[in-house]
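Chemist: Kindly generate the complete structure, drawing on both the sequences and the hints.
Chains as they are written, first to last, in our numbering: chain A, 117 to 510; chain B, 5 to 376.
Calculated directly from the structure, the hints in this document are not laboratory data. Mixed in with the good hints, there may be bad ones.
[As the list claims (entries may be wrong)] Below 25 Å or equal to it, Euclidean Cα-Cα: the simulated SDA-like pairs (lysine to any residue) are:
1) B/Lys338 <-> A/Pro267
2) B/Lys338 <-> A/Ala260
3) B/Lys88 <-> A/Ala264
[Unchecked claim] Derived CB-CB ranges, DEER-like:
4) B/Glu210 <-> A/Leu143: 19 to 29 Å
5) A/Arg127 <-> B/Val160: 45 to 55 Å
6) A/Leu303 <-> B/Ile62: 53 to 63 Å
7) A/Gln271 <-> B/Glu210: 46 to 56 Å
8) B/Pro56 <-> A/Leu228: 49 to 59 Å
9) B/Lys296 <-> A/Leu143: 51 to 61 Å
10) A/Ile488 <-> B/Lys296: 42 to 52 Å
11) A/Arg504 <-> B/Ile91: 22 to 32 Å
12) A/Phe177 <-> B/Asp164: 46 to 56 Å
Even for Gly, the Cβ is constructed at its ideal location relative to N, Cα and C.
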Amino acid sequence: MAEKSKIPLHRDPFVRSLIVQLTIPALLIWGLYIMFQNTVENLARGGIKTSFDFLGEVAPFAIGFSPFWTFELGKSTYLDVFIIGIQNTILVAVLGIIAATTLGFIIGVMRLSPNWLVSRFALVFIETLRNIPLLLQILFWNFAIFLAFLPGPRQSLEFLNSIFLNGRGLYLPKPVVNDWSGFWVVLGVFIAGIVGTIILRRWAKQRQDETGKLFPARLVGLGGIILLTLLALLVTGGPISFELPALQRFNFEGGIELPLPLFSLWFALSLYTSAFIAENVRGGIQSVSKGQTEASEALGLPRGLMMQKIIIPQAMRVIIPPTISQFLNLTKNSSLAVAVAFEETVAIFAGIALNQTGQAVTIIFMTMAVYITLSLLTSLILNIYNRRVQLVER
Amino acid sequence: MTSVQHISKPDRLPPISQSGPIAWVRERFFSSIGNTILTFIGLYLLYLIVPPMLNWAILDANISGTDRSVCDANRDGACWTFIKVRIVQIMFGLFYSANPDQIWRPIMAFAILGGLITALLLPWIPKKPYIGAFTIFVFPFIAYALIHGEWLGLKVAESDTWGGLMLTLILAFIGIAAAFPIGIMMALGRQSDLPIIRYLCVLYIELWRAAPLITILFMASVMIPLFFPAELDFDKVLRALIGISLFQSAYTAEAIRGGLQAIPKGQYEAADALGLSYWKKTILIILPQALKISIPGIVNTFITLFKDTSLVSIIALTELTGITRFAAGSLEWKGKLIEGYVFAAFIYWCFCFSMSRYASSLERKLDTSHRN
Numbered sequence: 117m118a119e120k121s122k123i124p125l126h127r128d129p130f131v132r133s134l135i136v137q138l139t140i141p142a143l144l145i146w147g148l149y150i151m152f153q154n155t156v157e158n159l160a161r162g163g164i165k166t167s168f169d170f171l172g173e174v175a176p177f178a179i180g181f182s183p184f185w186t187f188e189l190g191k192s193t194y195l196d197v198f199i200i201g202i203q204n205t206i207l208v209a210v211l212g213i214i215a216a217t218t219l220g221f222i223i224g225v226m227r228l229s230p231n232w233l234v235s236r237f238a239l240v241f242i243e244t245l246r247n248i249p250l251l252l253q254i255l256f257w258n259f260a261i262f263l264a265f266l267p268g269p270r271q272s273l274e275f276l277n278s279i280f281l282n283g284r285g286l287y288l289p290k291p292v293v294n295d296w297s298g299f300w301v302v303l304g305v306f307i308a309g310i311v312g313t314i315i316l317r318r319w320a321k322q323r324q325d326e327t328g329k330l331f332p333a334r335l336v337g338l339g340g341i342i343l344l345t346l347l348a349l350l351v352t353g354g355p356i357s358f359e360l361p362a363l364q365r366f367n368f369e370g371g372i373e374l375p376l377p378l379f380s381l382w383f384a385l386s387l388y389t390s391a392f393i394a395e396n397v398r399g400g401i402q403s404v405s406k407g408q409t410e411a412s413e414a415l416g417l418p419r420g421l422m423m424q425k426i427i428i429p430q431a432m433r434v435i436i437p438p439t440i441s442q443f444l445n446l447t448k449n450s451s452l453a454v455a456v457a458f459e460e461t462v463a464i465f466a467g468i469a470l471n472q473t474g475q476a477v478t479i480i481f482m483t484m485a486v487y488i489t490l491s492l493l494t495s496l497i498l499n500i501y502n503r504r505v506q507l508v509e510r
Numbered sequence: 005m006t007s008v009q010h011i012s013k014p015d016r017l018p019p020i021s022q023s024g025p026i027a028w029v030r031e032r033f034f035s036s037i038g039n040t041i042l043t044f045i046g047l048y049l050l051y052l053i054v055p056p057m058l059n060w061a062i063l064d065a066n067i068s069g070t071d072r073s074v075c076d077a078n079r080d081g082a083c084w085t086f087i088k089v090r091i092v093q094i095m096f097g098l099f100y101s102a103n104p105d106q107i108w109r110p111i112m113a114f115a116i117l118g119g120l121i122t123a124l125l126l127p128w129i130p131k132k133p134y135i136g137a138f139t140i141f142v143f144p145f146i147a148y149a150l151i152h153g154e155w156l157g158l159k160v161a162e163s164d165t166w167g168g169l170m171l172t173l174i175l176a177f178i179g180i181a182a183a184f185p186i187g188i189m190m191a192l193g194r195q196s197d198l199p200i201i202r203y204l205c206v207l208y209i210e211l212w213r214a215a216p217l218i219t220i221l222f223m224a225s226v227m228i229p230l231f232f233p234a235e236l237d238f239d240k241v242l243r244a245l246i247g248i249s250l251f252q253s254a255y256t257a258e259a260i261r262g263g264l265q266a267i268p269k270g271q272y273e274a275a276d277a278l279g280l281s282y283w284k285k286t287i288l289i290i291l292p293q294a295l296k297i298s299i300p301g302i303v304n305t306f307i308t309l310f311k312d313t314s315l316v317s318i319i320a321l322t323e324l325t326g327i328t329r330f331a332a333g334s335l336e337w338k339g340k341l342i343e344g345y346v347f348a349a350f351i352y353w354c355f356c357f358s359m360s361r362y363a364s365s366l367e368r369k370l371d372t373s374h375r376n
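Modeler: Structural data, given as structure tokens:
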């Protein structure tokens, strides 16, 4: 009898995969180990011992802008610097995301306008901003335009006597609570209004399903919230007031101060990202097949209702995932703040703190960890969203 | 009996209200009251924006002379004299503006590159894979020999003195050329059946993609000297290049993975049925198709890279953005930032816009699905 043919060892898929999967990690670990050895040696030569101990040391430099976390020169540590950096990164990201989304949606819809002038304007806006490096735009707005042309504090550009813009920054009124019990009443009324609107919309939907009658629940709800909140404000005697920025001898005092680097960074980031979001919005609306428009026209839906009930819900499914990635890009791009010296993670921690302490390995590692956490969070949100959308679909 | 005669009359032209320029104008600008209002608002905005910009950039602009006295005499318009005087510096950086007789070297290098890219784009030129491989693997050395000069016995231009658009192109091109092979390996690894390899590749790709380029450039400039023995000396440009290439390789890998996933499963199965080994299957069957599909994606990541090279100005290299700042910060041309940035922006825009047009036309050509 013929012997059972045996696969030679070097051809056996299992053995081969085992060898490959053992060799490559081994080589990798070996390479990393050599690098680690070199790093330790090089650092020792420079007299630096890598550890996290420096985080407890007092930071010998001042930080000008920290709206929530207090910084005190001579007392605050490098850990405070790290936290303030993250705080400012998140602050500029949130402000940028709000502005970029609003502007992006407006430009994206304008891009599809039947009016030739309007759609061309949107096209020029998108193609100009998308194709110029963000860093160049930030530098342009900050150094060539704002710093060069914005007036000094005395000649500030003002809006409604409460918002001021000058060469040092943007000054906004700051809400101040003077009567906490009244404030809670107003907040309660506001929340009750939102809950009421949700119930109203449920009822309206149910009634529409049963009788086909439409009820403008969104409009009524919004009007109700605004009216009730205003009424509550009046009844409780104005528990919230606004502290206006006031011109002092050299600059404005009081109110919320956004320093010029933050303002330019926010301005450039929002414009740049809005161009990308506008393209997502355009693509999303165009992805809804023409049959949907025709079918809703055949049903006799007016244009507004057609957009609201047919086109937008389907377009959103295409628009939202790439837009969330754009939010992440915006957050990562906020690290360009280092070019205009706005004090966020990269600028103060990976920049100033690294130069002061020489703790390159730890600091770069921590900075990367911040962004990696943020992007993991983003992809988590994306995955949850995608799963939900898919469930709705099938 | 009567006979009926059919004489077909020539088609009548559509009514004037339905076609032609008048209908076009009516439909695009005055189709409804709202549309008409928009048109007038748009025209008014155009009137506000366009004439002043045109006056500043062209009609009132200064280009004559060789120093700023011309610009100081007429402050209404742009000072293109600044660009004219500093053009060699903005294009080729400090070494070549100090040695203007040498600028044939970078010009020749980029002329060769232009020729190679033209050959790659023209559909009737054969042997594209060889030209592509030559461009990626051989051309960088020719360009280095020309631009640096030592190998050819020319006047040596140390890399610290490279700058301007030349450095931007070097960073972007070497960045993509070095990222390409790594990207292919990582994309293949991510699709591999071997779990450890797959996880390593996923880790590699996701880590680089999660971090912003500026932190990677910081890392490259601070940590690369630490990772290697002190005898090895990496200059600033090389460190930036390593950072950019690693960063870019993760994005290239994702673009190529898109191509790998777009190939029908039958191709893999057919190659297996023929008994081809993994590498034969990959090199002969899978990659040629996958790379072709992923070209638009790769071009798009390249556009991002091209814009991102401006970040190296933060780590003190004078590429296009950095040199513009440098030139406009000089004593002679102080305060000419707007002209400098507008000119730099225009150069970036020309490159990025033409590449994005190319990518989208290619996408349309490759897209054989019948949507709408």
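Chemist: Now look at each hint and say whether the structure bears it out.
Modeler: Okay, the hints, checked on the actual structure:
Using a Cα cut-off of 25 Å, the hinted pair B/Lys338 and A/Pro267 holds, with the two alpha carbons roughly 19 Å apart. Note on B/Lys338 and A/Ala260: the hinted pairing holds, with a Cα-Cα distance of about 11 Å set against a maximum of 25 Å. Of the supplied pair hints, the one linking B/Lys88 and A/Ala264 holds, its CA atoms being roughly 23 Å apart against a limit of 25 Å. Taking 19 to 29 Å as the suggested C-beta distance range, the pair B/Glu210 and A/Leu143 conforms, at roughly 21 Å.
With their beta carbons about 53 Å apart, A/Arg127 and B/Val160 fall inside the hinted range of 45 to 55 Å. For the pair A/Leu303 and B/Ile62, the supplied restraint of 53 to 63 Å holds, since their beta-carbon distance comes to about 57 Å. For A/Gln271 and B/Glu210, the hinted distance range of 46 to 56 Å is satisfied, since their beta carbons lie about 50 Å from each other. The hint said 49 to 59 Å for the Cβ distance between B/Pro56 and A/Leu228, and at roughly 29 Å that hint is violated.
The given range of 51 to 61 Å is broken by B/Lys296 and A/Leu143, whose C-beta atoms sit roughly 32 Å from each other. Under the hint 42 to 52 Å, the C-beta atoms of A/Ile488 and B/Lys296, about 33 Å apart, miss the expected range. Roughly 55 Å separates the CB atoms of A/Arg504 and B/Ile91, a value that falls outside the hinted 22 to 32 Å. Checking the proposed 46 to 56 Å range against A/Phe177 and B/Asp164 shows it is violated: the Cβ atoms sit about 29 Å from each other.
Of the hints listed earlier, those the structure fails to meet are numbers 8, 9, 10, 11 and 12, in rising order.
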